[in-house]
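Visitor: From just these sequences and the hints, can you work out the full model?
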Amino acid sequence: MMQIDDDRLMAYADGELDAAEREAVKQALAEDPGLREKLAEQQRLRATLSGHYGPVAAEEVPDRLLAVLGARNTRDDVASLSAAREKRRRPLWRNLGTIAASLAVGLMAGQLIPLQRGGPIGVEEGALVAQGGLAEALDTQLASAQAPDAATRIGVSFADRQGRFCRSFDSADLAGLACQQGGNWRVVMTAPSEASNAAQYRQAGSSIVLAAAQEMMAGAPLDAEAERAAMAAGWKESGTLRD
Amino acid sequence: METPVQAFERELLTLLPRLRRFARSLARDAADADDLCQVALERALKAKDQWQAGTRLDAWMYRITRNCWIDEVRARTRRAQTFAPEEAGHGVGVAGDAEIRAEMHDVDRAMGALPDEQREVIALVLVEGLAYKEAAEILDIPMGTLTSRLTRGRQALVRRLEAA
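Which chain is which? The protein sequence lines are A and B, in order.
Residue numbering for the first sequence follows my numbering, beginning at 11 and increasing consecutively.
Residue numbering for the second sequence follows my numbering, beginning at 11 and increasing consecutively.
Please keep in mind that the hints were generated in silico from the structure rather than gathered at the bench.
Mixed in with the good hints there might be a few duds.
Unchecked claim - Simulated crosslink set (BS3-like; lysine-lysine; CA at most 30 Å straight-line):
# : chain 1 : residue 1 : chain 2 : residue 2
1 : B       : Lys56     : B       : Lys143
2 : A       : Lys36     : A       : Lys48
3 : B       : Lys143    : A       : Lys36
4 : A       : Lys48     : B       : Lys143
5 : B       : Lys56     : A       : Lys246
6 : B       : Lys143    : B       : Lys58
7 : A       : Lys246    : A       : Lys36
As the list claims (entries may be wrong) - Sample of chain B residues lacking proximity to chain A, with all beta carbon distances greater than 12 Å (derived):
#  : residue
8  : Arg28
9  : Ala50
10 : Glu82
11 : Val83
12 : Ala90
13 : Gln91
14 : Pro125
15 : Asp126
16 : Glu138
17 : Leu149
18 : Thr161
19 : Arg162
What the hints assert, rightly or not - Partner residues aside, some chain A positions facing chain B, computed with beta carbon under 8 Å:
#  : residue
20 : Gln52
21 : Thr58
22 : Pro158
No experiment lies behind these values; they were computed from the predicted model shown.
Positions of the beta carbon are idealized from the N, C-alpha and C atoms, including for glycine.
Guide: And the structure:
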């Protein structure tokens, strides 16, 4: 039987081995209960760490940090949103479901998105679904490793409460959120793109998408590794993938 | 039109949730962690000319955040060395520390007990989910050093957490 040292076992747990090395470790694991227990120990450790630190990434970012980046002032420019927000003194994202929905309806019904072949969004069985380049970006682009000049940028990937994988996107035409369901990316909301010319909407657009994402998220956003795993599994229901 | 500078800041904005998580795993409590984020953001804004567009901003920010943390740790060590005899005489520092420790979560305590060089490796690989190569580049250490620190850090964490 092949000896598997700790470094190698941990590299296996971290997905750092090539196919042949992985096979060797798998074989050793099958034969050695002690090694299996060591691996389980490491998986528990990873789960403990993600469970403890993961939620930090889903917390609302404190104003003082936003202020460093000048985002505090820009946000205040979005008069009606922030006024309502300040009044209620509720977390940023609590009220935004409704606002996001009405914005999406306005944009869908109005000027921006042509629902036709070749556009980023089409209709399938009565639902709005991503198509073409947008669908491809949602399928294949990792938020943690995307080309700086990519036509569509993926923001955050997460599992929603129904166990679907959802991802936020931003392209030249529009920004929004899409969730994988039955092989399609259902577009659950849209907002003006970051690149849109309508300056007064731009900031609202990005914060609304982020806020809606936080609203829908079950737990923390996927980290780079979980994102890779979800993509490798074809974005099938998250329940089976996440511990 | 948006200027490149605004784009830089917007990009930082989208990184903030991850930076806060990274900072939390380095620092011992939430307030310290957000202080660390703030210092790192300020340093990044000052140094933004040094960031090369097209390279990964997240890696650059992890590196800055980590360097800010190391600076802070060194400064604290110096302060502690300067004031240690006096504090030891009063016993204040020691009691205060013990109190804080008692309120800490097991995970924070276990992470806090690691040497910095192990904690930062654990934070990048196990919390942030970076590949070994990415983490080694951020920390500017060879792969072998990274894997051995990672293994030792993990073993120490497992011992502490499974005993807790």
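Visitor: A separate judgement is required for each hint: does it hold in the structure or not?
Guide: Here is how each hint holds up against the structure:
{"no.": "1", "hint": "B:Lys56 - B:Lys143", "verdict": "27 Å, holds"}
{"no.": "2", "hint": "A:Lys36 - A:Lys48", "verdict": "13 Å, holds"}
{"no.": "3", "hint": "B:Lys143 - A:Lys36", "verdict": "23 Å, holds"}
{"no.": "4", "hint": "A:Lys48 - B:Lys143", "verdict": "24 Å, holds"}
{"no.": "5", "hint": "B:Lys56 - A:Lys246", "verdict": "43 Å, violated"}
{"no.": "6", "hint": "B:Lys143 - B:Lys58", "verdict": "24 Å, holds"}
{"no.": "7", "hint": "A:Lys246 - A:Lys36", "verdict": "25 Å, holds"}
{"no.": "8", "hint": "Arg28", "verdict": "6 Å, violated"}
{"no.": "9", "hint": "Ala50", "verdict": "10 Å, violated"}
{"no.": "10", "hint": "Glu82", "verdict": "17 Å, holds"}
{"no.": "11", "hint": "Val83", "verdict": "19 Å, holds"}
{"no.": "12", "hint": "Ala90", "verdict": "27 Å, holds"}
{"no.": "13", "hint": "Gln91", "verdict": "31 Å, holds"}
{"no.": "14", "hint": "Pro125", "verdict": "17 Å, holds"}
{"no.": "15", "hint": "Asp126", "verdict": "17 Å, holds"}
{"no.": "16", "hint": "Glu138", "verdict": "6 Å, violated"}
{"no.": "17", "hint": "Leu149", "verdict": "16 Å, holds"}
{"no.": "18", "hint": "Thr161", "verdict": "5 Å, violated"}
{"no.": "19", "hint": "Arg162", "verdict": "9 Å, violated"}
{"no.": "20", "hint": "Gln52", "verdict": "7 Å, holds"}
{"no.": "21", "hint": "Thr58", "verdict": "6 Å, holds"}
{"no.": "22", "hint": "Pro158", "verdict": "5 Å, holds"}
In this structure, the earlier hints numbered 5, 8, 9, 16, 18 and 19 are contradicted, and the remaining ones agree with it.
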